[in-house]
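Residue numbers (my numbering), protein chains in the order written: chain A, 1 to 327; chain B, 1 to 327; chain C, 1 to 347; chain D, 1 to 347.
Careful, some of the hints might be misleading.
Unchecked claim - Below are the DSSO-like pairs computed for lysine-lysine, each with C-alpha atoms no more than 27 angstroms apart in a straight line:
hint	chain 1	residue 1	chain 2	residue 2
1	D	Lys-184	B	Lys-49
2	D	Lys-284	D	Lys-271
3	B	Lys-253	B	Lys-49
4	B	Lys-49	D	Lys-151
5	A	Lys-49	C	Lys-154
6	C	Lys-271	B	Lys-49
7	C	Lys-154	B	Lys-308
8	D	Lys-284	A	Lys-49
9	B	Lys-49	D	Lys-154
10	D	Lys-151	A	Lys-308
11	C	Lys-154	B	Lys-182
What the hints assert, rightly or not - Here are a few chain A residues that sit away from chain D, every Cβ distance over 10 angstroms (derived from the structure):
hint	residue
12	Glu-23
13	Glu-224
14	Lys-254
15	Ala-326
Calculated directly from the structure, the hints in this document are not laboratory data. Treat the numbers as computed from the prediction; the structure is a model and nothing was measured. Positions of the beta carbon are idealized from the N, C-alpha and C atoms, including for glycine.
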Amino acid sequence: MTEARSLPYVSAINDGLRQILREQDNSFLAGEDLKAGSVFGFANGIHEKFGDERVFDTPISEKGIIGLGVGAAAVGCRPIVDIMYMDFLGECMDEIANQMAKMRYMFGGAATLPVTVLTMAGGGMNMAAQHSQCLEAWLAHLPGIKVACPSNAYDAKGMTIAAARDDNPVFVVYNKLSLATKMEVPKGSYEVPLGQAAIRREGTDLTIVAISRMVNEAMTAAEELAELGVSVEVIDPRSVSPFDTDTVIKSIKKTHRALVAHEAVKFGGFGGEIAAQIQELAFDYLDAPVMRVGAPFCPVPFSPELEKAYIPDAKTIVKTVKEMLAL
Amino acid sequence: MTEARSLPYVSAINDGLRQILREQDNSFLAGEDLKAGSVFGFANGIHEKFGDERVFDTPISEKGIIGLGVGAAAVGCRPIVDIMYMDFLGECMDEIANQMAKMRYMFGGAATLPVTVLTMAGGGMNMAAQHSQCLEAWLAHLPGIKVACPSNAYDAKGMTIAAARDDNPVFVVYNKLSLATKMEVPKGSYEVPLGQAAIRREGTDLTIVAISRMVNEAMTAAEELAELGVSVEVIDPRSVSPFDTDTVIKSIKKTHRALVAHEAVKFGGFGGEIAAQIQELAFDYLDAPVMRVGAPFCPVPFSPELEKAYIPDAKTIVKTVKEMLAL
Amino acid sequence: MSLSANKKTKAVVAAADEQGAGLSEEIMKALHLKMVRIRRFELEAGRLMEENKVPGGLHLYVGEEAVAAGVMQHLNNEDQITSTHRGHGHLIAKGGEFKPMFAELLGRAPGYCRGKGGSMHISSMELGMLGANGIVGGGQPIAMGAAFANKFLKRQSVAVTFFGDGAANEGSVHESMNMAALYKLPCIFVCENNGYSEYMSQANSMVIVDIADRAAGYGMPGVVVDGMDATAVYQATEQAVERARTGGGPTLIECKTYRYYDHVGMRGMGKNYRTEDEVEEWKKRDPIEAIERQMIAAGLCSQAQIDAVYESVNKDIEDAIQFAFDAPFPDPSELLEDVYCESEARK
Amino acid sequence: MSLSANKKTKAVVAAADEQGAGLSEEIMKALHLKMVRIRRFELEAGRLMEENKVPGGLHLYVGEEAVAAGVMQHLNNEDQITSTHRGHGHLIAKGGEFKPMFAELLGRAPGYCRGKGGSMHISSMELGMLGANGIVGGGQPIAMGAAFANKFLKRQSVAVTFFGDGAANEGSVHESMNMAALYKLPCIFVCENNGYSEYMSQANSMVIVDIADRAAGYGMPGVVVDGMDATAVYQATEQAVERARTGGGPTLIECKTYRYYDHVGMRGMGKNYRTEDEVEEWKKRDPIEAIERQMIAAGLCSQAQIDAVYESVNKDIEDAIQFAFDAPFPDPSELLEDVYCESEARK
Ligand SMILES: Cc1ncc(C[n+]2csc(CCOP(=O)(O)OP(=O)(O)O)c2C)c(N)n1
Ligand SMILES: Cc1ncc(C[n+]2csc(CCOP(=O)(O)OP(=O)(O)O)c2C)c(N)n1
Ligand SMILES: [Mg+2]
Ligand SMILES: [Mg+2]
């Protein structure tokens, strides 16, 4: 892998998309405002570089956008389509759940759908109830698709590439607040395989399994807790489907305590699946119940004061860990 | 409550709908093929009884159907709308998740939406991948709506009435295979409150928390297990949102063992939430990990032979319980 | 406007009726064979369903054969179609074989979908049949996407998508038509207007009479065709396919047709939603009887030759049904196969 | 067909221009006041956003005032509207007050939504303003449902739904228009065609020029109006409202208009998608300047009186902004309130 340089998450996505468009002639990038680089800027300059045929705008028609991806993938293209905000999944859940995810199975394996769907999740920008959601739980529940949730710039590029090279429908769920966060990102081509968790920090007292941006919050919490003499291990599943159960269980068997953290609403969230698996597979190793940190049971509020109270962060995590350890 | 008589689940729904249409002048029943009684027959005779204004067909426009319910509810009606198969939720998830579920909150409490959505879930009838799903997990994850899953005829009527009298958006998720199952159903008006679980069978060795039709499978399993000397308690949450955590935890504290069963895909299913809650709130009482029974990670197959292998049943439950008890 | 629309329809239908005999013997015989194959397959499939031998049931295409035959006569295996819940006729006209079809309907291993799809998801990627669909309005976004690929990959292929009068009111159809027109895609939208969606009449679903009128709203041509006349459908499709293959973009073809049996199966649910008289009226315009009259009148073939066609088709069907019933069910071990493509991600 | 559509547009626009002076002094002044209130509110809101004082940002209605003013002039508090992400103008024209509006934009407790909605969800059930909407195409199904309730409950009320040229391609709009026409609902679809959806031109989203052409596909009348002329919008709406209130069903009114600033805020994202010249061309047809010329020409008022209008509006706005900044944020304890209605289920 060639030299690296410090790059923000948003540019890392851009890097990954250029890599794919370069190497795959039958790939194209389509969605709302993609010619203009997307409203988030992750596609800046790509239209200028690859032209009208490879990079183009779609009408505001999410059902059509997913259909474009499914139909084109079924007959020989490798489409990359964008659903601007994850909150808009509801506009095309049928095309996702009943067509994209099931076509191969319903056809007895005859159809192959190498389609990648990009979307943007998360709150913290005072965009209110319809532009701030994390809905990975809806997607993870669907056999037939994969769901990546890159938590940093390196993964954002590597998982974008891995997703587009995968011969299955893959969702890459980016995170708004992470777009500006920088880190070393290699130039050129590399993959972050789907279904392989990353141990972000090693520890011995407790394991935090955190999804997407919550990984950063978990790392901050781990620092704080270290000062209190608590050694925290932080695991980033990186993709919720496939989910790397082994890495998580191995860690729990070492630390004997687990906390699951995601920004999505806690109730009915994917954290339930993780917690259920942990206690199912590491029951005898657990010294305490698996706890979950997630958003409370209400829509995302607009008012900055309320949103601050709504979104889980390092503080919420530290507080919960302290309760778990009776500190 | 007046005299009861043996009624199939499908007629009990019919009973409940008539009760509501009788008592609420501002309610109406709308959906695809409802004039004809619905393809499932639960509305048979209702159009004839209440007429074109109160009971009518809609085009095949699920977004419009939910919009009809939301908009009419917002300004003074108490709509009851039908989404023929739960599999079609994807066609209107935006109207459900971003409008119906959030309007009241986004408006600071100014909007009240007494709308009821009826839908039909479940497999076992060889209707393949797009007409057999259980997607209650999608709905339970949404603050702002309630989700009832009646498991028998008595509840089907009582929860239909409770849902339509509730001033919030409520989904009543019926089950296809249950439509023909009979039981004593009282005439006249009664409610099965949302958020109150029912203990279907008392036991001391293990608690099965089963959703919708899986309650019947759990009861059958409990019979079999009784013969092996295992005393099983069966709990029917009846609604997944709100979820009656207390009743479940109380039972676990008595039996020390829990199994969660639903027909939905196990991975990412609502069973994860239940299992997570149980171990979180009754950790010290558990003698074994909370186990989950659910569908495997694939779409619902058409072939009878494959669907038989796909859908969890009493056998699956018995097998899992035996493993839990090392029998 | 319904009125003027009405007039237009009548006009077009009338026009279509006269056309009939214009076509070559080869094409007339091909259209006839396609329709007979569909009709005989459906009647046997329907019989099996009424005998409770078909798991999950099925939706019969009987009465609508002229649409599938007339359209598919212009397509090759590189062209794609997306079908509906009423998809047997589309697959047969696209070249589908009876054995894997009956096997699929019965959920057997040698079925087109290895038993995983059944009637509502029957498909053949080899034949460019991208699936029947259990979702009304489910096929149009997919066909639009396939048409895009044809253009993107500089193929001559056309993607045709079939949908009903009821489906026309799904948002997905609206979005797909607009995108197909916007990108000038080789996509043909064939609306099989049989007047009903399940037990709801068209008048119960929309105000307009001609769904083809919606084409103007997307900037694509819309034509109304007599869907009971295979030659009329053939001729309307000819122009649309020509247009699509030469970069002229999409066309909406509305075929006025009728289903002879119930929404599901033959007897169906016994709902009371249309009159026997109405059914009889339409049967008088049966597309197969019509083309047989035309063929004999034009001296293209004798009654004996027509009888021979039925004989051989019936024979194929008998064999196929036998084959299907003798075929094994898929092994339960196949349950978890085909969810994902296991091929190595390509570097 | 784009061509003919083009012609039509020009025709209608021309017609509209002449009409202007036909209206009474009272109405002209009311239209003017509405537009000035919107313009001044938006310019101040935009300024505050550029000063990073508005959390989450906002979408400005500047340039499109004539549409909200002309339509809302016909509505009362029993009539409902659903708005878009660009909703301030709709609320103001429907009677919204500056104080709770600025307070909402700033996320303060006395805001219309108690700070929970912000610009994108601003609403007032009392005023029949069923919400701005963060979902493009989100408002049409709701308005159709409200219109249904008006008919069902035998009210005289009309439901008007605003949506953009971009929104026109959402499936939800298609389904809502068809159902409104089918049930003959008192529903008016007002398309604010400002030529762009975010950074995509209309030509980049659809082939047709006049979105009003889609009305025919549902069996409802569609008209094209000069959205830069409040009197033209007023007159087109008059007929549609009359039609709706008398059981004549829905109408689609397309208003050709323009947004002066960026999709978001004023400077916005600095995307390069339209020319300065184009912006300047449209500003020459500014709806407020136009009506002021008309009023003075017709001797309905003096420049001094017009200045006085601005003065009092500016004063209201100053006070409202002060009020908003002085207002408290909602208490964190309110986070979990308003998710459900706690009223006892009614027996
Ligand atoms: C999204 C969706 N909504 C509803 C249904 C249930 N359904 C199946 S077929 C059908 C009627 C379809 O009518 P039409 O499109 O005219 O096709 P036809 O059956 O007449 O061939 C309906 C409502 C469905 N399968 N999918
Ligand atoms: C379902 C959905 N898709 C996409 C978006 C993102 N988005 C917000 S505004 C907008 C453009 C809307 O254009 P138009 O309807 O013409 O309204 P305008 O902004 O021009 O007033 C888009 C694409 C959204 N909010 N909702
Ligand atoms: Mg039909
Ligand atoms: Mg616009």
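Here's how the hints hold up against the structure:
1. Distance hint between Lys-184 (chain D) and Lys-49 (chain B) is fulfilled; the C-alpha atoms sit about 24 angstroms from each other, no more than 27 angstroms.
2. Annotation: proposed proximity of Lys-284 (chain D) to Lys-271 (chain D) holds, straight-line Cα distance about 23 angstroms (limit 27 angstroms).
3. Using a Cα cut-off of 27 angstroms, the hinted pair Lys-253 (chain B) and Lys-49 (chain B) is violated, with the two alpha carbons roughly 50 angstroms apart.
4. A hinted pair counts as satisfied when its Cα atoms are at most 27 angstroms apart, and Lys-49 (chain B) with Lys-151 (chain D) qualifies at roughly 21 angstroms.
5. Of the pairs offered as hints, the one joining Lys-49 (chain A) and Lys-154 (chain C) holds, with about 21 angstroms between alpha carbons and a cut-off of 27 angstroms not exceeded.
6. At most 27 angstroms may separate the alpha-carbon atoms for a hinted pair to count; Lys-271 (chain C) and Lys-49 (chain B) meet this at roughly 17 angstroms.
7. Only pairs whose Cα atoms come within 27 angstroms are accepted, and Lys-154 (chain C) paired with Lys-308 (chain B) is rejected, the gap being roughly 45 angstroms.
8. The straight-line distance between the Cα atoms of Lys-284 (chain D) and Lys-49 (chain A) is roughly 37 angstroms, outside the 27 angstroms bound, and the hint therefore fails.
9. Annotation: proposed proximity of Lys-49 (chain B) to Lys-154 (chain D) holds, straight-line Cα distance about 21 angstroms (limit 27 angstroms).
10. For the hint pairing Lys-151 (chain D) with Lys-308 (chain A), the CA-to-CA distance comes to about 43 angstroms; that exceeds 27 angstroms, so the pair is violated.
11. In summary, the hint linking Lys-154 (chain C) to Lys-182 (chain B) is not supported, as the alpha carbons are separated by about 60 angstroms, beyond the 27 angstroms threshold.
12. At the 10 angstroms boundary, the C-beta of Glu-23 (chain A) stays outside the reach of chain D, the nearest C-beta of that chain being 28 angstroms off.
13. Non-interface call for Glu-224 (chain A) relative to chain D: holds, since the shortest CB-CB distance, roughly 22 angstroms, exceeds 10 angstroms.
14. The claim that Lys-254 (chain A) is not at the interface with chain D holds, since no C-beta of that chain comes within 10 angstroms of its own (minimum 37 angstroms).
15. Non-interface status of Ala-326 (chain A) relative to chain D is upheld: no Cβ of that chain comes within 10 angstroms, the nearest being about 26 angstroms off.
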